[in-house]
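Chain residues, written in single-letter form:
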Amino acid sequence: MRLLLRISGEVLITLGVLILGFGAYLYWGTALGERSAQHALDQELRSEWADPDQLAALTGPGDLGLGQPFAMLRIPQFGPGWQFVIVQGASARQLASGPGHVPGTAMPGQLGNFAIAAHRVTAGDPFWHLPSLRVGSMIDVETISGVYQYQVTRAPRWVAQGDSAALASVPYYPGEPARQRMITLLTSDPFWTGTRVVVTGVLVRTLPRQQGG
Amino acid sequence: MYGWLWHRLPGGTGARLAALAVLVLAVGLLLWYVVYPWASLHLPADPAWLG
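Sequences listed follow chains A and B, in order. In this text, residue positions in the first sequence follow the numbering used here: the first is 343, and each later residue adds one. In this text, residue positions in the second sequence follow the numbering used here: the first is 206, and each later residue adds one.
Read the hints as simulated data drawn from the structure, not as lab findings. Each hint should be verified, as a subset may be incorrect.
As the list claims (entries may be wrong) - Stretch-level coverage of chain A by chain B, calculated; a stretch enters the list once three of its residues show a Cβ under 8 Å from a Cβ in chain B:
#1 349-357
#2 368-381
#3 434-441
Glycine residues also receive a C-beta, built at the ideal position from the N, C-alpha and C atoms.
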């Protein structure tokens, strides 16, 4: 009986240490990984943008491989230094490196819904402040072809994890034909809540990209 | 379990402590660089991903 108790105690202590270690990895390890990935993606993006042939080569999402960087996301309300490289794809692997474009949705500036997903509490917490956006907040997306400025048109909304209506061409109206150039930002609440936070906006301005920026 | 491991380590107390430190470091590195990254992609700790 004493041996059994001792072994059980040691197993429980080991499990506790493993779980604490995993928590530390989720908080610090994923943030370090994301920071290093963003640095490499930023270099890759700037070198791609320096090549004028890339503009003609990138015409649609089909031209991008999963994990390939293609745009820069800035939300002025989150501070002047807040910017992330957006990669193609929104699976767990792509979101570990930063915000990801949801395949099947429009590209920046196109008619339809340009949807971006990102983590809220791991991988550098890119969308931690997403619920603080309000109607009128600006969202800037810079690509090789220009800077697309979107304005939030709907306050953050909480939807069920499995609810994909926000990804429709007209967010929340699946089947409706696209009439505007929209943007949708999505992130998750902690897993036990079973909800996502969704922010939608509309394109209000397109500016030329600053060369060498 | 830990008592069994301690008695299996070779040498005196100093050598055992050194071996234990190496063992703990190896397990820690394996967890940090292999097991936890894999688990973070497969466990829904922060399920923002789609697909």
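(request) Closer than 8 Å, Cβ to Cβ, for at least three residues: run that test on the region 434-441 of chain A against chain B and report holds or violated. (result) With 5 residues in contact (Cβ-Cβ under 8 Å with chain B), the coverage given for the region 434-441 of chain A holds.
(message) Is the coverage entry for the region 368-381 of chain A by chain B consistent with the three-residue Cβ rule at 8 Å?
(response) Coverage by chain B holds here, the residue count being 4 at a Cβ distance below 8 Å.
(message) When I compare C-beta atoms, does the region 349-357 of chain A have three or more residues closer than 8 Å to chain B?
(response) Since three or more residues must qualify, the claim that chain B covers the region 349-357 of chain A holds, with 4 doing so at under 8 Å.
In this structure, none of the earlier numbered hints is contradicted; all agree with it.
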